[in-house]
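Trainee: So the protein lines, in turn, are chains A and B. Going by the numbering used here, the first residue of the first sequence is number 1, and it counts up by one from there. Going by the numbering used here, the first residue of the second sequence is number 1, and it counts up by one from there.
Watch out, some of these pointers could steer you wrong.
What the hints assert, rightly or not - Computed footprint of chain A on chain B, listed as stretches where at least three residues anywhere in the stretch have a Cβ under 8 Å from a Cβ of chain A:
{"id": "1", "region": "59 to 73"}
{"id": "2", "region": "183 to 197"}
{"id": "3", "region": "201 to 213"}
If you are wondering where the hints come from, they were derived from the structure by calculation, not from laboratory data. Ideal Cβ positions, reconstructed from N, Cα and C, are used throughout, including at glycine.
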Amino acid sequence: MSVALAVLGDFGEAIEFIFKERESVSGGVQIGGIPELSAFGATHMKVSIIAIVIAAVAAIPLALWLGHIGRGDFLATATSNVGRAVPSLALLAFFISFIGLGETNVIVVLALLAVPPLITTTYVGVRQVDRDAVDAARGQGLTGMEIVRKVELPLALPSIFGGLRTAAVIVVATATIAPLANVRTLGEPIITPQTYGFVGQLGAAIVVAVITLAVDFLFARLQRAVTPAGLKLAEPAARRRFSFPTKRSLKAT
Amino acid sequence: MIGVPLAQGGLKIQEPGGSDACAAANDFCPSWIAENIDRYWTPLLEHVYLTVVPVTIGFAISLALAIIAHRRRWLTGPIITVTGIFFAIPSVAAFFLLQPLTGLGYNTAMVALVSYTLLIIFRSITLGLRNVPVDTRDAALGQGLTSRQVLWSVELPMAFPEIIAGLRIATSTTVGLAALAVFAGAGGLGTEILLDKRFKSNVATAGGLAILLAAALDLLLLAVQRLGTPWQRARA
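Construct the entire structure; sequences and hints are all you get.
Mentor: Laid out in C-alpha cells, this is it:
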C-alpha cells in the first residue's frame, strides 16, 4: 500500500513539475513548468523535424531509383544492419569528441540514424510492387520516370511511410540525449539531475514518452491515409509496418 | 529515496592519463587504448549480459504469445498494438518511468530492454508461421500428426529463418539500446562513453566494442541459422 502511494507520489510530483515552476535542487534558479518545458520541446521538435526532412530528401529518391533499376539488395540490407548496430549514444559521442558540440552536429547524427530505415523500407516497398503492374504500365507506353512516379511510388507509399514512422520515432527518441552536445532539448532535465533532481528526470521522461507515442500514432494514421484503395482491399495496412528485407521478401519479386 | 545515476561520478570529464601528451589532448591515441583496454572488459561483459538476457527473455515471451496468437488469430492485432506501444516509448524515458517501480539498476534496464524486443520477435515468429505452405501443414495432418506435433515439428522448424531474422534485428537493436542503460544505473559500455565523452580514444574504444559485439552476435545467429536449417544447405 505504502509502496503504491510512493510510486503515485513520484508520478504526482513529476506531473506537477511539468505544469508548475519550482526552485532547482541546487537552489537559486526556477525550473520546470510549462514555459521552460515548451522551450525545450520547441528545440526538440526543431532538430527532429530538420533531421527527418534531410534524411528523407537524401534517402527516399536514392532508394526509389535503386528499387526501380533493381540494384541495391546489398545496400538495403547492409545499411539497415550497420544502422542498427551503431548505438545512438556512441554515434553522438563520436560526433561530440571528433567534430564538436552544437545543433548542427546533433541534426547530422539524428539524420544519420533516420537514413537506414528509410532506405530499407523504400527499397523493399518498390521491389514488392507487383511486376505485372509495372509490365502493364510499360506496355501502355509509360517511360521509366512515369513508371516510378505513377506506379511504383504510389504502391510503395505505405512501406515508405512505415519507414518514416520508424525513422521519426528513432529521431524523436534520440533527440532526448542531445543535451550531451549542449543542445537543450526535452532531455535537459534527464541529463542534468544536479539541477532538476529525479522529479525533473521523471517529468521529462513522461513528456518525451507522450510526444513519441503521439508521433508514432500520427505516422500510423498517415500510413493508412496514403495506402492506395486497391492495396487496402488486398492487404491490411497494419501488416506492412515491419518490412525488413528477408531473403524471401527480396526474392519474391 | 531513488538515487540519481548521473549526479555523482558521471558526466565529470575524467582526467586522461597525465603524462601522455596525446591523451592529455583528448586525441585518438592507439597507445593509450592499448594500455587502458583493461578498463573496458567489465563494461563489455555487462553489455553482453544486458543484450543476451533481454533477448532470451523477450524470445521466450514472444514465442509464447505467438503460439497463443497462432491458435487464436484475433489476438494478433491487440498483441501488436500493445507491444507496439512498448516499442515506441524511448528507452531513455522508459528507464526513468520504471524507476519508481523497479528502482535503479539491472531490473529497470532488463524490463525496458525486454519490452523492446517483444514487437520485433513476435512479428517475426508470426510471419514465419504464416509463411508455412498450407500443403505442408495438410500433409503433416494427413500423416496423423496432432496439431501440437505439427506446430513443434513442422511449423516452427519451417519458420526458423524468419525467427532468426527477427532475433538478429532484436539483438543488434538491443546492443544499441543497452548503451543507454547507463541512465538506468545498469552499467554497460554507455557508462564508459559518458565518463569522458570528449576523449576520442575513449569514445572510439567503447563505441567500437559495442559495434563489434553487435557484429559478433549477428554472425553467431547466422551460424545458428545455417545449423538449424540443414534442408536449405542441401538445396543449395
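Trainee: Does each hint hold? Answer for all of them.
Mentor: Against the structure, the hints come out as follows:
no. : hint       : result
1   : 59 to 73   : violated (count 0)
2   : 183 to 197 : holds (count 6)
3   : 201 to 213 : holds (count 7)
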